[in-house]
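Visitor: Read top to bottom, the protein sequences are chains A and B.
As numbered in the numbering used here, residues 1 to 114 make up the first sequence, in order.
As numbered in the numbering used here, residues 1 to 112 make up the second sequence, in order.
Rather than coming from a laboratory, the hints here were simulated on the basis of the structure.
Take the hints with a grain of salt, since some may be wrong.
Stated by the list, open to error - Footprint (simulated), chain A over chain B, 3 or more residues, beta carbon under 8 angstroms:
1) 18–25
2) 42–55
Claimed, not checked - SDA-like cross-link-like pairs, simulated, lysine to any residue; straight-line CA separation at most 20 angstroms:
3) K101/A to M27/B
4) K101/A to S82/B
5) K101/A to F95/B
6) K49/A to G42/B
C-beta atoms are modelled at their ideal positions from N, C-alpha and C, and glycine is treated no differently.
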Amino acid sequence: AQSVTQLGSHVSVSEGALVLLRCNYSSSVPPYLFWYVQYPNQGLQLLLKYTSAATLVKGINGFEAEFKKSETSFHLTKPSAHMSDAAEYFCAVSTVGGYNKLIFGAGTRLAVHP
Amino acid sequence: EAQVTQNPRYLITVTGKKLTVTCSQNMNHEYMSWYRQDPGLGLRQIYYSMNVEVTDKGDVPEGYKVSRKEKRNFPLILESPSPNQTSLYFCASSFQGPDTQYFGPGTRLTVL
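Just chain A, same shape as in the assembly (with noise of 0.2 angstroms):
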């Protein structure tokens, strides 16, 4: 079975700071990994997302997310905070051949301060 651990349930920045959230992914087969973006009283928004090509994806914004299959992880990383980078932050896993079931992991909420 699938699954997604996210570390840490918030995560808090100053501006201009390195971003760091982290994801643990659980998965028999090869995996399509996502990171969706959430904004207070809205949908998700794509991020980025990994799907077997590079393991080194960018994504909106300036974020980018690195797969490492020996760590089994995709951690989101963004070289300097915006305080409009402020919102929750969603791993996701889903399965080449699957039928697009996405898994989520709990989510992380990002503050960013000044």
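Add chain B to chain A, keeping to what the hints say.
Guide: Just chain B, lined up with the frame of chain A:
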């Protein structure tokens, strides 16, 4: 504009009063899905549909029904809502396969 729409956005109801939350997409997607979001639990899938007239249970289907009579619409039905169904609900759609899912704006449901 490509989008997934849900109605209503907010709903307060009482236990046992049947309700329907509508979902519509204009991207000709085959796959549609309903999720509920609860604090600390992330999003959990309720039902999904691979195409017209093809639906199946997700992880938390109890107390919910769906139908897919048209490709663009995928309503969520609560025949007899209970307080434990108070939650934030999202509809999503995509093409087949592990592709990007597009989410609606959410429906916040409160059952008293």
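Visitor: For each hint, tell me whether it holds in the structure or not.
Guide: These are the hints, each one checked on the structure:
Here's how the segment 18–25 of chain B fares: 0 of its residues keep a CB closer than 8 angstroms to some CB of chain A, so the rule of at least three is not met and the hint is violated. Here the segment 42–55 of chain B counts 6 residues with a CB under 8 angstroms from a CB of chain A, which clears the bar of 3, and the coverage holds. A distance of roughly 19 angstroms separates the Cα atoms of K101/A and M27/B; the hinted pair therefore holds under the 20 angstroms criterion. For the hint pairing K101/A with S82/B, the CA-to-CA distance comes to about 26 angstroms; that exceeds 20 angstroms, so the pair is violated.
About 12 angstroms separates the Cα atoms of K101/A and F95/B, which keeps this hinted pair within 20 angstroms; it holds. A C-alpha spacing of about 18 angstroms is found between K49/A and G42/B, which places the hinted pair at or below 20 angstroms, so the restraint holds.
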